[in-house]
Amino acid sequence: MSCTIRIRIQPQPFDAEEESKQLTEGRSDVGALVTFTGYCRDEGGTLAALTLEHYPGMAEAEIGRIAEEAAARWPLSGLTAIHRHGRIVPGEPIVLVAAASSHRQAAFEAASFMMDYLKTRAPFWKKEERVGDRDGDWVRAKATDDAAAGRWQKP
Amino acid sequence: MSCTIRIRIQPQPFDAEEESKQLTEGRSDVGALVTFTGYCRDEGGTLAALTLEHYPGMAEAEIGRIAEEAAARWPLSGLTAIHRHGRIVPGEPIVLVAAASSHRQAAFEAASFMMDYLKTRAPFWKKEERVGDRDGDWVRAKATDDAAAGRWQKP
Amino acid sequence: MSLELRYFAWVRERIGSPGESLDVPGEVTTVGDLISWLANKDEGYAAAFAEPDIIRAAIDHEHVEHDAALAGAKEVAFFPPMTGG
Amino acid sequence: MSLELRYFAWVRERIGSPGESLDVPGEVTTVGDLISWLANKDEGYAAAFAEPDIIRAAIDHEHVEHDAALAGAKEVAFFPPMTGG
Numbered sequence: 001m002s003c004t005i006r007i008r009i010q011p012q013p014f015d016a017e018e019e020s021k022q023l024t025e026g027r028s029d030v031g032a033l034v035t036f037t038g039y040c041r042d043e044g045g046t047l048a049a050l051t052l053e054h055y056p057g058m059a060e061a062e063i064g065r066i067a068e069e070a071a072a073r074w075p076l077s078g079l080t081a082i083h084r085h086g087r088i089v090p091g092e093p094i095v096l097v098a099a100a101s102s103h104r105q106a107a108f109e110a111a112s113f114m115m116d117y118l119k120t121r122a123p124f125w126k127k128e129e130r131v132g133d134r135d136g137d138w139v140r141a142k143a144t145d146d147a148a149a150g151r152w153q154k155p
Numbered sequence: 001m002s003c004t005i006r007i008r009i010q011p012q013p014f015d016a017e018e019e020s021k022q023l024t025e026g027r028s029d030v031g032a033l034v035t036f037t038g039y040c041r042d043e044g045g046t047l048a049a050l051t052l053e054h055y056p057g058m059a060e061a062e063i064g065r066i067a068e069e070a071a072a073r074w075p076l077s078g079l080t081a082i083h084r085h086g087r088i089v090p091g092e093p094i095v096l097v098a099a100a101s102s103h104r105q106a107a108f109e110a111a112s113f114m115m116d117y118l119k120t121r122a123p124f125w126k127k128e129e130r131v132g133d134r135d136g137d138w139v140r141a142k143a144t145d146d147a148a149a150g151r152w153q154k155p
Numbered sequence: 001m002s003l004e005l006r007y008f009a010w011v012r013e014r015i016g017s018p019g020e021s022l023d024v025p026g027e028v029t030t031v032g033d034l035i036s037w038l039a040n041k042d043e044g045y046a047a048a049f050a051e052p053d054i055i056r057a058a059i060d061h062e063h064v065e066h067d068a069a070l071a072g073a074k075e076v077a078f079f080p081p082m083t084g085g
Numbered sequence: 001m002s003l004e005l006r007y008f009a010w011v012r013e014r015i016g017s018p019g020e021s022l023d024v025p026g027e028v029t030t031v032g033d034l035i036s037w038l039a040n041k042d043e044g045y046a047a048a049f050a051e052p053d054i055i056r057a058a059i060d061h062e063h064v065e066h067d068a069a070l071a072g073a074k075e076v077a078f079f080p081p082m083t084g085g
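Residue numbers (full-length UniProt numbering), protein chains in the order written: chain A, 1 to 155; chain B, 1 to 155; chain C, 1 to 85; chain D, 1 to 85.
Source of the hints: derived by calculation from the structure; they are not laboratory data. In this text the structure is predicted, and so the values were computed from the model without any measurement. Idealized CB from N, CA, C, for every residue including glycine.
In silico DSS-like pairs for lysine-lysine, Cα to Cα no more than 30 Å straight-line: (1) K21/B / K142/A; (2) K74/C / K127/B; (3) K21/B / K127/A; (4) K74/D / K41/D; (5) K127/A / K74/D; (6) K127/B / K21/A; (7) K142/B / K154/A; (8) K142/B / K21/A; (9) K74/C / K41/C; (10) K142/A / K127/A; (11) K127/A / K41/D; (12) K154/A / K142/A; (13) K154/B / K154/A; (14) K142/B / K127/B; (15) K21/B / K21/A; (16) K154/B / K142/A; (17) K154/B / K142/B.
Pulled a few chain B residues facing chain C out of the computed Cβ check, cut under 7 Å: (18) G38; (19) E53; (20) M58; (21) K126; (22) W138; (23) V139.
Excised from the complex, chain A in its bound form (with noise of 0.2 Å):
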């Protein structure tokens, strides 16, 4: 199956509704679609924005070998990876990714797989704005997203 990938980097909003209907409409051979959206949260009311930093050239090229990687191990019709940067307020989207393929299971697994992935090898980094003190940290790594990307590592 001849997969294709759009990989968008940009720090405006996305549609996640034009870019499902660009991995489906007028096809009538994918069965399945799995979209995962990640959104900035509040952190009970602590948090007043992220500003995602990114690294231009790099973070396409990355998230690229990402996607050609998902393409390889799962049989898809089409993979989408929106990442955002600059600043972004709770409730607002930060990624997207939608992956559309005839079988279901290689949906979910491909768009998590991406997600692990993005976390843990894209090059952005999270610096947080606090509420009533615009002098945040930066977001630390966490281990438990190593540990889910290691779960896709072949033996």
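Once you've looked at the hints, dock chains B, C and D against the given chain A.
Chains B, C and D only, in chain A's frame:
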């Protein structure tokens, strides 16, 4: 976390974007939204349509039980399942599951669990309508679907 | 015992009816007994229940096994393995 | 050897610059050598590379380990563990 469960059984198409909005709009505690949409495939051009028969009353009750189980197993803020019945042509959506959570793994697993159980426990039956031959067969249940549902059984 | 019976998919087609109200004799106490008793009614029922092991059953909108007791049941449904989703 | 260096997140903040062009001496042959050499430049660099084990590196837009050779590299980037997604 209290989980808002929405179940609908209907002949008409659904609006995945609208359902997603209901799970995320106006709230800043949702970090992850996973949606699954299942489509009717044309099976290489041989399938003209599927007719989905269901057991009214039990369909809602059984999907409700599956959703309650998912809400008990994963920390979800919202879980929506919509299943269509009646005649559906290739390219049209059949089923939608959307799971919202503060954690991505919970949202992925709950949506995948819902689909595996919908496939094997929700009282729906698909009859095929073949191109050029209006008398099609009933779709046969797949052992792979039973195996997929079996993954979630607790020891 | 009086029961509402419901049939779906090819079970419905083979029996030729979506359901019926039936009085079943007292010796029919389980779902499995009911399948055997129905299978003897006529050729359509016999075809519907020719492979009883693959027939699924529900009592009052809940899945049950063939050894489930009919006592207290109002509606009993028979159908093939589900193929939704 | 002439290299384009890029710094991100708190590595960038501690060094006080998003990047620079530098000539590095011939004995600096690996990413790890480069980290040690940079850490001696001033207090900002020393703070950025105080815990070299947690510093991630990329050569020409690809992740590399600290033992990677610099030969042929044009752009070398240093940054903390990623927190995207």
